[in-house]
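A.B. asks: Generate the whole structure from the sequences, applying the supplied hints.
Chains as they are written, first to last, in this note's numbering: chain A, 9 to 171; chain B, 3 to 507.
No wet-lab data here; the hints were simulated from the structure.
A couple of the hints might just be wrong.
To be verified - Okay, the calculated beta carbon distance ranges per label pair:
no., chain 1, residue 1, chain 2, residue 2, range
1, A, Leu169, B, Asn208, 27 to 37 Å
2, B, Met345, A, Gly95, 30 to 40 Å
3, A, Leu153, B, Asp8, 42 to 52 Å
4, B, Met345, A, Leu36, 23 to 33 Å
5, A, Pro167, B, Asp8, 51 to 61 Å
6, B, His347, A, Trp37, 50 to 60 Å
7, A, Val146, B, Gln18, 40 to 50 Å
8, A, Pro167, B, Tyr204, 22 to 32 Å
9, A, Asp43, B, Gly301, 52 to 62 Å
10, A, Val149, B, Ile380, 21 to 31 Å
11, A, Leu33, B, Gly202, 18 to 28 Å
12, A, Ala44, B, Ile26, 45 to 55 Å
13, A, Val146, B, Met345, 33 to 43 Å
C-beta atoms are modelled at their ideal positions from N, C-alpha and C, and glycine is treated no differently.
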Amino acid sequence: MSNASQPSSDRTNRPLAAFCIVVGLGALWVSRNYDAGTVISMGPGFFPKAVAGLLIFLGIIVFLVNGRDVEPSEDPEQPGIGLLSLGRILLFVVGSVVLFGMTLHPLGLPVATFLMVALASAARSGARPVTVILTALVLAVIATLLFAFALQLQIPVYPELLK
Amino acid sequence: MIGHMDILNGIVLGLQVASDPTNILFCLVGCLVGTLVGVLPGLGPTATIAILLPLTFGLPPVTGLITLAGIYYGAQYGGSTTSILLRLPGEASSVVTVIDGHAMTRNGRGGAALTIAALASFLAGTIGTFFMAAFAPVLAVAVLKFGAPEYFMLMFLGLITSVVLAQGSVLRALAMIMLGLLLGLAGTDVNSGQYRFDFGFYELLNGVPFVPVVVGLFGIADILVALERAVKDEAPPVVHRISSLWPTKEEARRATPAAFRGTVIGLVLGLLPGGGALLSSFMAYTVEKRFSKTPEKFGTGMVEGVAAPEAANNSGAQTAFLPLLTLGIPSNAIMALMVGAMMVHGIVPGPRIMTNQPDLFWGLIASMWIGNLMLLVINLPLVGIWVQLLKIRYQFLFPTILVVSIIGIYGVEFTTFDVYLTAIFGLLGYFLHKCRCEPAPLILAFVLGPMMEEYFRRSMLVARGDMSIFITHPISLAMLVVTIGLLLSLLFPFIQSFRQKAFAE
Numbered sequence: 009m010s011n012a013s014q015p016s017s018d019r020t021n022r023p024l025a026a027f028c029i030v031v032g033l034g035a036l037w038v039s040r041n042y043d044a045g046t047v048i049s050m051g052p053g054f055f056p057k058a059v060a061g062l063l064i065f066l067g068i069i070v071f072l073v074n075g076r077d078v079e080p081s082e083d084p085e086q087p088g089i090g091l092l093s094l095g096r097i098l099l100f101v102v103g104s105v106v107l108f109g110m111t112l113h114p115l116g117l118p119v120a121t122f123l124m125v126a127l128a129s130a131a132r133s134g135a136r137p138v139t140v141i142l143t144a145l146v147l148a149v150i151a152t153l154l155f156a157f158a159l160q161l162q163i164p165v166y167p168e169l170l171k
Numbered sequence: 003m004i005g006h007m008d009i010l011n012g013i014v015l016g017l018q019v020a021s022d023p024t025n026i027l028f029c030l031v032g033c034l035v036g037t038l039v040g041v042l043p044g045l046g047p048t049a050t051i052a053i054l055l056p057l058t059f060g061l062p063p064v065t066g067l068i069t070l071a072g073i074y075y076g077a078q079y080g081g082s083t084t085s086i087l088l089r090l091p092g093e094a095s096s097v098v099t100v101i102d103g104h105a106m107t108r109n110g111r112g113g114a115a116l117t118i119a120a121l122a123s124f125l126a127g128t129i130g131t132f133f134m135a136a137f138a139p140v141l142a143v144a145v146l147k148f149g150a151p152e153y154f155m156l157m158f159l160g161l162i163t164s165v166v167l168a169q170g171s172v173l174r175a176l177a178m179i180m181l182g183l184l185l186g187l188a189g190t191d192v193n194s195g196q197y198r199f200d201f202g203f204y205e206l207l208n209g210v211p212f213v214p215v216v217v218g219l220f221g222i223a224d225i226l227v228a229l230e231r232a233v234k235d236e237a238p239p240v241v242h243r244i245s246s247l248w249p250t251k252e253e254a255r256r257a258t259p260a261a262f263r264g265t266v267i268g269l270v271l272g273l274l275p276g277g278g279a280l281l282s283s284f285m286a287y288t289v290e291k292r293f294s295k296t297p298e299k300f301g302t303g304m305v306e307g308v309a310a311p312e313a314a315n316n317s318g319a320q321t322a323f324l325p326l327l328t329l330g331i332p333s334n335a336i337m338a339l340m341v342g343a344m345m346v347h348g349i350v351p352g353p354r355i356m357t358n359q360p361d362l363f364w365g366l367i368a369s370m371w372i373g374n375l376m377l378l379v380i381n382l383p384l385v386g387i388w389v390q391l392l393k394i395r396y397q398f399l400f401p402t403i404l405v406v407s408i409i410g411i412y413g414v415e416f417t418t419f420d421v422y423l424t425a426i427f428g429l430l431g432y433f434l435h436k437c438r439c440e441p442a443p444l445i446l447a448f449v450l451g452p453m454m455e456e457y458f459r460r461s462m463l464v465a466r467g468d469m470s471i472f473i474t475h476p477i478s479l480a481m482l483v484v485t486i487g488l489l490l491s492l493l494f495p496f497i498q499s500f501r502q503k504a505f506a507e
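C.D. replies: Structure (C-alpha cells):
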C-alpha cells in the first residue's frame, strides 16, 4: 500500500465495518440453533457459522485498516447534496416501490403504476407537478397495455372494489 | 470421445434452432433492446440484463436464453458506442476503449472508430463462436471426471479471481463475497431439511429469490445513485458530430492485425474464472501498446487501441460462456445472471446440458454468432438514432426503468413479497455503493454459495473429514496453487500498479 502512512480521507470504512459486524453477529445469533455437525458429516449450521464468523472478521479488518485500502475519494471536500434532498430521493424512490407492492392487489395495475411513477418522479426536487402527473399517466397506460394485454401476465388490472 | 462429426452436427443443429423464426425475432429484439438500454447513460450490461431479466421468463427456455444473450451483446455494443462518442463507458470492460476511441472522436474520426469497433467485435464474435463449438464438447467430457473437491476448488478459484480483478479494494470485495455467501445460504438446507435464515417467511424457504436481489442491487441502486448525482450537476453530455462511418485504407490496414491479436487474447483470458471481458480488453490494449512502433501515440486516437480491446472483450465475453455451459459455474457477475435465468427456466447449467438439451446448447452458441451479425447490420446505420437516445431526460428515463423492472419482478412469482425485497436490496445496494463496494462479487458468491457448501460437505464426507483431499487430488491441487498464487500476487507492487493503472479511469 503506497499511502499507508498518510491519514486517509475515506469516511466509509466505519459504517461498512459496523454493517459487516452487525450482519455477521445477527447471522450467528439466528443460526445459533442450527446443528454444526462434525467435520465428516456437517450439519446445516457449519457453513452459516463459518461464513458469519469470516464476515465479522473482515468487518474488524475493514475498521482497523481505516480506509487505507481505497484510493482517497476524488472530491473529499466537495459538499454532498444535503441530507434533506438525499433523504427525499431515498424515501420517494424506495417508497414508490413499496407503495406499488401495497396497492397492486387492492387497486390494480394501472393505478398502482400511476402512484409509483408519480411518487418516484417527485423525488427530483425540481419536478413540476404537471410533468409528473403526465409521465405517470402515460407510463400507467403503456405498462397496462404491455404487461397485462400484450404479454398476458396474470396481473390484477381492475381495482378489487369494482369486481 | 466426441469427434468432428458431432461438432459439425451440433453446429447444424444450432443453426436450425437459431434460425427458427421465433428465435430469430427474439434474438433481434434482444439485440435492439440491449443496445437501446446499453446506450442509455449509466446503464452497463449487468444492470441492463438485471432489469430486463424478468421479461424473458415468459418465453420458452431456448428462446428466453437466446434473447438474454442478444441483450448481453447489445448492451456491450451500446457501451462501446457511448465510450467512443461520449467518454461514458457503461462498464469497466469498455474503459480502455474510451482512451483512443474518444480521442478519435475528438479528431473527427468518431464514425470510423465506431465501425472499427463493430467490425472487430464481429470478427472476434465469429472466431469465438467456432472456438466454443470446437472446445465445449471436449471440455464437457473432461469435466465429467471432476469430483466434489475439484468443483469446490474451481468455485473457490473463481471467487478469489473475481476479488483480485474487482475494481477497488480487495478487502471490501472479500467482505462482499461473505455477504453474498450468507445470502445464498438462506432457505431449506438440502441435506437436513433445516430452514435457515427464513425469518418466518415461507417465500424464503427456497432461498432468497434471485431476481429481486439483482434488480435491487443493480437497477434500483443505480437509480438512487444517478438521482443523487443529478441533483449535484445537471450538465447534459456533449455529443460530437459523427463523421463518415468508413475507416480510411490506412486505418483498416492497421486495425486488422490488431483485431486478430485482440481476439486471441480474449479467447484465452475469457476462459479464466473471474476473467471475461474486462481483463481481456485491458490486456489487449497493453499488448498493442507494448508491441507498437509508436507507443507514445496511444491515447491520441490510435485505431489499434480501439480494434484490439473491442475484439478482446467480445471474444472474452463469448468464451466466458464456456465454464458456464460445461461446468455449470459462472465466471463473472453477468454469467451469474445467466445461471439465475437458467434456474428460473428449470435448466441446471453443467456438463449435462450438452447431452440432455443439445438444442439449447448449440442453439445458444449459434445464436451468439447470429446476434453478432445482427448487431453489425442493424446498428451501424442506426448509430445516429442511438445517440439521440442520450438526449432523453432522466426524469422520464428512471420512472420507465422502475416500471419495467418492478412489474417484471412481480411477473416472475406473482407475489408482492418480491417487490418489497427489491426495495430492500435497492437500499442495500445504495449503501454498499456509498461504502465503495462493488456488487459483482456479492452476486457471484450468492449464486455459488449453495453449490460451494454442497461440494464442500460432499468432499468432507468422501474424505472422512480429512482436509488433505484438496491437496491429494491433482486437479484440485493445481487450482489451489493458482488461487494461492493469485492471493500472494496482491502483495507484489507490480500487480498493484497493474490494477491501479487498469482502473485508473
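A.B. asks: For every hint, state whether the structure bears it out.
C.D. replies: The hints, checked one at a time:
At about 34 Å, the beta-carbon gap between A/Leu169 and B/Asn208 stays in the expected band of 27 to 37 Å. Take B/Met345 and A/Gly95: their Cβ atoms lie about 37 Å apart, and the range 30 to 40 Å holds. Between A/Leu153 and B/Asp8 the C-beta distance comes to about 47 Å, which sits within the given range of 42 to 52 Å. Checked against the hint of 23 to 33 Å, the C-beta distance between B/Met345 and A/Leu36 comes to roughly 29 Å, which is consistent with it.
At roughly 58 Å, the beta carbons of A/Pro167 and B/Asp8 sit within the given window of 51 to 61 Å. The hinted range of 50 to 60 Å is not satisfied by B/His347 and A/Trp37, whose Cβ atoms lie roughly 37 Å apart. Hint check: A/Val146 to B/Gln18, Cβ distance near 42 Å, so the stated range 40 to 50 Å holds. In this structure the hint that A/Pro167 and B/Tyr204 lie 22 to 32 Å apart at CB holds, the actual value being about 27 Å.
A C-beta distance of roughly 60 Å is found between A/Asp43 and B/Gly301, which places it inside the suggested range of 52 to 62 Å. The beta-carbon spacing between A/Val149 and B/Ile380, approximately 29 Å, falls within the hinted interval of 21 to 31 Å. Roughly 20 Å separates the CB atoms of A/Leu33 and B/Gly202, a value that falls within the hinted 18 to 28 Å. Here the CB-CB span from A/Ala44 to B/Ile26 is close to 53 Å, well matched to the stated 45 to 55 Å.
Here the CB-CB span from A/Val146 to B/Met345 is close to 35 Å, well matched to the stated 33 to 43 Å.
The structure is inconsistent with hint 6 alone, although it conforms to all the rest.
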